[in-house]
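Sequences listed follow chains A and B, in order.
All residue numbers for the first sequence refer to the numbering used here, where the first residue is 1291 and numbers rise by one.
All residue numbers for the second sequence refer to the numbering used here, where the first residue is 1369 and numbers rise by one.
Worth flagging that the hints you see were computed from the coordinates, not collected in a lab.
Computed from a predicted model, the values in this text were never measured in an experiment.
Interface residues of chain A toward chain B, partial, derived using beta-carbon atoms under 8 Å: (1) P1416; (2) Y1420; (3) I1440; (4) I1472; (5) Q1473; (6) D1596; (7) P1597; (8) A1598; (9) K1602.
Backbone N, C-alpha and C fix where the C-beta goes; we use that ideal spot for every residue, glycine too.
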Amino acid sequence: MNKMENMKGAKALMMAMEKEGVKQVFGLPGGANLPMYDEFARCNIRHILVRHEQSAAHMADGFGRVSRKAGVCFATSGPGATNILTGIATAQADSAPMIAVTGQVPVAMIGRDAFQESDIIGMANPVVKYAFQPRTAAEIPEVVKKGFFIAETGRPGPVLIDIPKDVQTNEAEMVFPEEFKIQGYHPWADPDIVNVEKAIDMLLHSEKPIILAGGGTIISSAFAELQAIAEALMLPVVTTFKGKGAFPENHPLSLGPIGMHGHAEANKMMAEADCVLAIGTRFSDRSVGTFEAFEKRLKIIHMDVDPAEIGKNQTAQIAVVGDVRASLRIMVKLLLQRAIKKTEETPWIKHVKETKAYWKENLKLHPGELGAAKILRKLRELLPKESIVTTEVGQHQMWASLFYDVIQPGTFFSSTGLGTMGWGFPAAIGAKVAKPDVPVVDIAGDGSFSMTENSLATAVLEDIPVIVFILNNSSLGMVAQWQRTFYDRRMNGVDQGHCPDYVKLAESYGAQGIRAQSMDELDKAIKTALSSDIATVIDIPIDPEEDVLPFVAPGTSLSDMILPS
Amino acid sequence: MWAILSILVENKPGILFKVTHLFRSRNFNIDSISVGVTENPEFSKMTITTYGDEKQVEQIVKQLDKMIDTVKVEHLDEHKTVYRELSLFKIKLSNANDSMEINKLANAYGGKVHDVKRDSIMVELTATPDQIQAFEELAKPFGIIDVARTGVAALQRSGA
Ligand SMILES: Cc1ncc(C[n+]2csc(CCOP(=O)(O)OP(=O)(O)O)c2C)c(N)n1
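Same shape as in the complex, but just chain A (with noise of 0.2 Å):
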């Protein structure tokens, strides 16, 4: 260990990242951090370009969801900078571990508004885990170290490291810290087996117990100690959007995600438990309507990794703080000590297959050859179970929840706390590399993907082959389903007419891009971008005026859930 050695910043920057098992970066390089690129030459880890730094930090954040390891992005200063800023507030709002490393001015030139500086810093505060601006080069090391240990363990979130520039290239006496210490910082808690006790003991004695799987499940791949608990207890289980695919949905105790787009069934079913088990889930407003409803007929029992989750959006019966995995597995460990193992089917069960089983039949889908849920099912028919999906923002994503559903476990991703278009596509790239030899798709609708298109660029030059599924519906589907549903079809701002031919787009790339304009067609697709090794788009032209049904309006209540008529 402490082995001293004089180099610059910029290097000991990759060797601390090299330590850290870094291969590759995803960045687009500027005047504030030349010498940092300049030591990409030496080293061993990749450096991918992005055409936008957004894309950069999507795919950070792709490739850490995907690997559980912070992704890393590279900008400049200045713009550089700010344009990464969404992707890693995107990172934080979703609980994703990422490293931003930000070049900036000389020391020296910091406030004097030097050209392409930008207090990063702050701008960045709220929206980071932690942020770093070493002033020496000396503590760059120790930086890094600290920005993986803060980004990946405990409630994951993105971490910047803003390096000057002269930081970047003095040179002084390197040490790389194998240990360290972070004073206020307290990423674990050893979960409370009282409380873990009480909570199956209040399951037990409950009528209608429920559990409801966040994306903390995900977070923690706790999804083995999830299935035997909902087994052993006889437990339906619902999701929140961020957990979907926490549980096999095609299981059938699964119900799939609650919420503004979730399915009937799951509402229903919620809006019906007297008992749920919360599992690393922050009650957001999106899965559980308004929080007064909610919390007035359940008791909760909340597990979470972060304390500061308990009680912020509801009130728990019992909480117990600490890693949802650790707190699962004393769960699973006190059932079968307590031999516990229903076999019976309870009443509540029963109705909830009933439930689920009337929806599964009745709920009403769009005629057209081309409706969403035929496409999103054709789709899930030819995708190896172990293929990772991720999404945009819009009504494609929400017929993803509704219709696609995941099997494999951990293998569903979407920007479901900020809700960020243009996320998926950059974002697949990224979780393609974490995994190249699954199939990843992104679900898009034409407005998202016009967002970050340019990422086909990188897919291609890189050799970065995902598939971008797009429904086009020529608008900005969700925002008109709204403007449709509660501004009486007066339709302003959500035409795309102007949006680009797909085919040609992704061609003129040097991608590979096919139309779909019936199931056939698609089929055949499908077939042929899971067969080829490019980067392809798959252009599906669907009827703009297909709502996304069920829909539970902003600011009521699961009960309230609006269906198709």
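Dock chain B with the ligand against chain A, hints included.
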């Protein structure tokens, strides 16, 4: 509920901004704030007073605790705590008796008189916010020209 929070933070630039920003972004209010370095120069102590119901205060404490630069966050029990605020009042002297009256008032509250001029007088008062408020009410009729208050500093009593 009025709450006194004692926050031990790393003594680094930018931390005051982060703490106050946290209050703003989480939709909480700061009633008063005071900051000073501790006996260990690595740390500063902030004392923040705020209003909120029990749930809100608990949430502020948790959010502060979560911050990486905060080493320790305590919600102090008002009854087991010594807490004081320093205030300076510049008060108008309109007639001959005022000076004597204000001196008496200051004495009653354990204050000190400074900068006595022909038409104004300054009172320094170190007391609880309530007492300062009470003094201010009584001084008002004389005419208050200016006030400066520091925010509360607080320490838990021994054995509490
Ligand atoms: C960056 C950003 N800007 C605006 C919005 C608001 N918004 C939410 S959904 C949506 C429309 C999305 O259109 P598209 O990607 O074509 O998907 P569709 O709804 O048509 O499936 C918009 C504009 C957003 N979420 N993100």
